[in-house]
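Peer 1: Residues per chain, in single letters:
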Amino acid sequence: MITALILGPILGGLLLFALPRTADAAARACGVVLALAALVVTLTGSTLPDESIAWLQRPFIANYHVGLGQGLGFWLVALLNLCTMCAIAVIKVPRVRDFTALMLLLEGSMAGVFLARDLLVFALFWDLMLLPVFLVLIGWCGHATAAWKYLIYNVLGGLTLLLATAAFGIAAGTTDVIGHGPIPVLTPTWAAWIFAGFAFAFLVKTPVWPFHGWMPETYVELPAPMVALVSGIQSKAGLYGFLVIAWVLFAEQMHAMVPVFGSLAVIGLVYGGCMALVQSDIKRVVAYSSLSHLGLILLAIMSGQPLALQGAIVYMLAHGLFNVALFLGLGFVEVREGTRVLSRLGGLGVSNPRLAGALIFAALAALGLPGLGGFSGELLILTGLYQAGDYWQTIVALLVIIVAAAYMLRLFQGTMQGPVSDDLPQRPDLSAVEVLALIPLAAMIVLLGVNPSVLSSGVEPSNAVIHALPLQKERA
Amino acid sequence: MAVGELSNYVTLSAVLFFLGVAGVILRRNPLVMLMGVELMLNASNLALVAFSRAWGSMVGHIFAFLVITVAAAEAAIGLAIIVVVFHRSARVDVDDVTILKG
Amino acid sequence: MLHHAVGISAHYPLLLATWLLPLAGALLLWSTGPRIQAKGAVLGTTVLGAAFVTALLSIPDALRAADGYVGAQQPLVTWLPGMSLGLLLDPLSLLWTLVITGVGFLIHVYSIGYLAGDRAIARFFAYLNFFVFAMLTLVLSDNFLGLLVGWGLVGLASYFLIGFWFEKPSAVAASRKAFVINVAGDVGIMLAIFILFAQLGTLSYGGVFAHVAQLSPSTLLAVCLFLFVGCAAKSAQVPLHTWLPDAMEGPTPVSALIHAATMVTAGVYLIARCHPLWDASPDARAFVGVVGAITALVGAILGLGQWDIKRILAYSTMSQIGYMIMGVGVGAYQAGVLHFFAHAFFKAQLFLGAGIIIHALGDEQDIRRMGGLARKMPFALLAMLTGTLAICGIFPFSGFFSKDAILYGVLEHGHPYLYFIGVLTAAITAYYMFRMLFVVFAGQARTPASVGEHAGHAHHAPAWLMQLPVALLIVPTIGIGWLAIGGEQSPWARFFEPIFGASLQPLARLGMSEATSSLVVTSVVLLGIATAFFVYATPQALRNAPERLQREGQRMPGMLTHAFYFDDALDGLFVQPTRALGRFCAATVERDVLDGGVHDITVGARWLGHFFRSFQTGFVRAYALVLALGVAAFAAYYVLVGVTR
Amino acid sequence: MLFWFLAVALIASAVAVVTAAKPVYSVIALLAHFVTLAVVYVSLSAEFLAVTQILVYSGAILILFLFVIALLSSGVDSFEVGPDRLPKLPMPALFALVITLVAIVFSAAHAFAHVLPVITPTSQLAVGSAAAFGSVATFGAMLFTSQLLPFEITALILMVAVIGVVVLAGDHATLTPPDHERLRAIRRREREAILREGEAS
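Protein chains in written order, with the numbering used here: chain E, 1 to 476; chain V, 1 to 102; chain P, 1 to 645; chain Z, 1 to 201.
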């Protein structure tokens, strides 16, 4: 049943090719139905047993072991399915059928990453995730540079991950270790190198500050539904890796690297914030804002403090939700205005009140308005950080919240308010389908904001993470 | 066969071999280069026969025989190529043929 | 796992109704707004009326003293063991709730008239309802977390309302500035929350105030100061006040409700609510008192230099809140809260009166182009006059009692300098308020001919819709003062006994009694009025009013016109450096370091390619040479190895 | 004593092949080289190889060389015209190079002398007797019994060679028959270009 979560979307996507090339609506409908089915299976499947099929014996024991469980993986897959459903519903690109197929392939491979209980399966799906995005970058976007940059960065990450997995398998004898079973003890040198491989892959994927070269162009070039998935959920794969793999299997190395990654996260936090303030392209603003938010989540993960970790999980989901909503919203703006440059946009709110409503809601969730998902995550994270003794990081994060308010409003007001540029034709407001696609996202954001405990009670990150973390870090 | 005579044979074949190599490198006429190659092959044949004589087993001869057939085939093909490449050009000079450069 | 999403057991249905009705109204209006247009206004007003009624009905709940604490406790949802949300209705929050819903209701009625004919009126009422809901969340919450949520939502509501006419770029910029400064306030409160949660493990008022003793003086001071950062941002105290004058971009009812009666007093509520924290740290009290006094003085002085009627009122609001913060800051909680109560009514009345004038003059806000309206708009004169008398603190009006209570309280709590600043501010307040009065109402009319109470530009709402609320407001402007007569036994003191009873600090033995201090203040105020009269209202002055006002306009000192350059300072200190950092990152780090680095790698790879390509010369003999060298190398290797072994 | 004489002959003929001015001279030198080599094989009691050497090498391959030389030299006065593109090595340097080479190889050979087996004198069987070492009978027996695989391979190689030559040198139907007049004009133009190029450099 769990494998259906992975193979279902992928095979479904392939079956779509049976449809005639121009059957856009039908393709979209099939895509939404598939994603909805996956969501239902996920929500009802939290008690399903793991599925494990023996795969490799010789170099090391690796078997196709996937499991859902109650922890972080469950919520991320649920988020994935929900966002895919909403994203597919609003696809407005040439060749919708092929695009939907690639979206479903992306969904299936990402589900594979979150459900994998074996490092090799994890690495396999990690690399498969790149394919659809690269194909879309090549097929649907003008500039090829973004495609190649994306490919080079991420394939490099994928390679180091594969190498590290193999090394781990050889060193530890088996790779069937995510989330269960005894934690194999490796010799320090091996462990250090393997950890380096894993860490690099996660850093590139998240992305974290110095490795984010691919992120701006990719987010700007990709069509809205795909970039929503990539920025909303694919970035979580890196953080999921840190939480579930790095902290559990390489606790000592993680401690050693905490100051380094912590400072990278803080730099990313500030860097993303300031950059978002001066961008002229609306999608770049959200791209750099997500760099900033992900920096905050990474900071929380690095602190290792249980409260911060739960906050990180809540914020991961909230960030997934409002980033998808933001990108879909900006996609609608781009479709209506034909341009992404802030200076030429303006006054769309007058003729599109519903689009303005949707965008302001997503922007407020992004800047952490109390009462919405972003805030509850941020608050838990920062309280945890403060308790863990990282005073300076907390203060910097708080200042960046102010900057976040500034750039998010600048984005919203730049597109929706201000004098109406009347040279552009009268633009139609959101259609019923588009509004329907945004409602589940909004509902989840409010639910997370009002009562994050509904999620965190079921979430306690896999207990291995908790007891592997030092509850009270020895503060100098 | 006197003692140490084998080392003489080996030395001789080495010298012949390097002469062959010199022929291939220094001369610009493809035919002479092929002859250089023939020289090299024969040098190796000589060493084979010498060792076969020293070990007292006929296998060296079989192998030498094989080398001869290879040499024959190689010469045939080489000459065919030379004919095809140079039969139209005014002069037969290996340095003219640089189409395949990187 | 999803079933217990939001499980709330309703102990106090009335309280919940008061809290949630405005939200329901807002959501309804948002979703159906475009369709129902004008009817939306009536819907919004009725919802507010219902909320006000339920608030009145829940008064007994608030006053019910049970098992050690007063008021109604309504738990909502728990996030974590230490963090839970809940509602608390006790005398303090009851007072604020009543003001919010009461004045809110009147302003809703007023807005029906003021905004009649505006296409997006339904959206306006949705925002007003949402604001009332947000303010109630702030006021009714029983813990710091709920307070913070309310704080943010109120900031959002003020953003919506200031930027209501979002076609105007100035309104857009003003709303963004207000929201960002408000978020800066949120950040201050969040920091205080972290400290409290880290030290005490709980965020509920009861839990925190019970364990105040556990906090070391330094952490206590830190908590108080960070909380005060939130208050300063919300209540427009000196460094963070620059957004208030710009907030006048919003419609006048907005200014009346938010920037006069309710929102800006959130800071006063916070300090009053956390009085145990403030009682425990004297230097925090001193600091807040000083900031309050400075704000009062700065607000009054800036009020002198304004020509826009709403900006004058905005600066007077800032000044009056300075008074309240000073009062509550030094420890005279009851006096501060009393002044809030009085101020809510007479400032709302002043703003609504100004609204009537602006509405009648076709959105003209500059007093230099008004004048001589006494005859044409008697009702407006009545409203503005009573309001001005109240704000200056003349005897029968509420301002007299509340302002004197604060000033005497300040004296009692041992702050003679603050007392002096307070009195000086009272004089300046009297001067600029009457300056406005004389310029607007006395002398010849400088307005276009066809102006009058009933003419105005064609708006179909009946005039009484706007005048009834103002008339209703005049009653409390006069009446409230009498609540406070009688010192300890006054109804006001007894009402707040359970809240502030325990926090009476040692009072300094004073030379003069309260009566004498009132006399001093009244005389100073009359002096102010007299100077204003001589400058603006003498027959000779009235005759050449236009030229004199013109001259005064040019001679206005730079400090006043630029509001002490606070705006530019804030912009220069915080906004520009962040933007510069962003540009720096974009230009150098992003382009040169990151992209540059990757670019260099590719160039290096290409160069390497060229280097090796040169080996393919195309000469057969060159290849043969390389082959020979290879063979020779092998031979040499084996020879050497052989020899050495 | 015979060995040294043969060695000198071999080296001389090899040098002659390499340094001959005209390809025909080098062919003749090569013929001498092969014949001397055959003699050496006989001295090493490898009669079959000696005969094969004469038959195959000097018989077949050299004749082939002669054919090609004849074919290519029609209308070409000298094979090599124009600047030499490899760096010109002065004669003494070349000579020194060869000497050092021979010295190295000689010393290496002697260094390994103790390793190499001593050539055991054959059992004085008359040259040519059937059972003697290196006789054709034993060669034939080995070729078709224990060493059958090399035999198969030689067959394969030869077949490949034949097919290769046919494909390469055969006149393809597609090729338009060369027009001799046009051919000669092309040759003339090329020769003049080269001469001009010669004078220019």
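FYI, nobody ran anything at the bench for these hints, they're computed from the structure. Among the hints, a few may not be true.
Stretch by stretch, here's where chain Z covers chain V in the computed footprint (C-beta under 8 Å, at least three residues) [to be verified]: (1) 18–32; (2) 36–49; (3) 52–58; (4) 75–86.
Heads up, the beta-carbon is just placed ideally off N, CA and C, and yes, glycines get one too.
Peer 1: Checking against the hints above, which ones are violated?
Peer 2: Structure breaks no hint.
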